[in-house]
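Protein chains in written order, with this note's numbering: chain A, 29 to 157; chain B, 756 to 819.
Rather than coming from a laboratory, the hints here were simulated on the basis of the structure.
Please note: incorrect hints may appear among the correct ones.
What the hints assert, rightly or not - Here are the computed lysine to aspartate or glutamate pairs in the DMTMM-like style, where the Cα-Cα straight-line distance is at most 25 Å: (1) B:783 / A:72; (2) A:144 / A:82; (3) A:32 / B:785; (4) A:32 / A:76; (5) A:132 / A:96; (6) A:100 / A:72; (7) A:32 / B:784; (8) A:132 / A:117; (9) A:100 / A:82.
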Amino acid sequence: MILKIFGVAVVELAVYAALRRTHPEFAVLTEIAAAVLVFLFAADSLGELKAFFDETVSAAGTDPVWAEILLKVLGTALVTQFAADAARDNGQSALAEKIEFAGKLLMLSLSLPVLKALLQLVAAFSNGT
Amino acid sequence: MDIEIIFRIAAVGLIVAVLNQVLSRSGKEEYTMLVTLAGLIAALMLVIPYISTLFGYVRSVFGL
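From just these sequences and the hints, can you work out the full model?
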């Protein structure tokens, strides 16, 4: 599988170099297509990881809401990284910063319930002593 | 789900390059921009299904 990913990367670099001078917009598109392809190759094994993750979470017996939030934050981080790198690679560093800032805001808002629960826990402790 | 999408986009790029050459040689420079835009849209139409499958997959795994 890694050989496939390596193959896609090498071919894409060659095509990108060829197209960069005459038509940079098509070069960018091949770059995005290659990024998507590489991730799709890697995504096959993602399903098993998710099944294992669900198993361990249910075995641990904790409230599945936390695992859900964890996965959501992970997913947002992944997609934000994907978009920001694509933008930064083509010289749009300002756009990349904005994408990352929006991603951070989303992740923070997603993890709000966790922070609340933590604060309640701390408050309960301080009342106890 | 394979590597030929990169070749397809490269092919669209090359076709647009050739067409632009032909157009500029025959004196119709104003059409080169249109041909480039058409090529760009065609290439986008090729990439978007791949991106949608990827995001569908991410949505299903991460529950976004």
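How the hints compare with the structure:
| no. | hint | verdict |
| --- | --- | --- |
| 1 | B:783 / A:72 | 49 Å, violated |
| 2 | A:144 / A:82 | 24 Å, holds |
| 3 | A:32 / B:785 | 42 Å, violated |
| 4 | A:32 / A:76 | 20 Å, holds |
| 5 | A:132 / A:96 | 18 Å, holds |
| 6 | A:100 / A:72 | 19 Å, holds |
| 7 | A:32 / B:784 | 42 Å, violated |
| 8 | A:132 / A:117 | 20 Å, holds |
| 9 | A:100 / A:82 | 14 Å, holds |
In terms of the numbered hints stated before, the structure departs from hints 1, 3 and 7, listed from lowest to highest.
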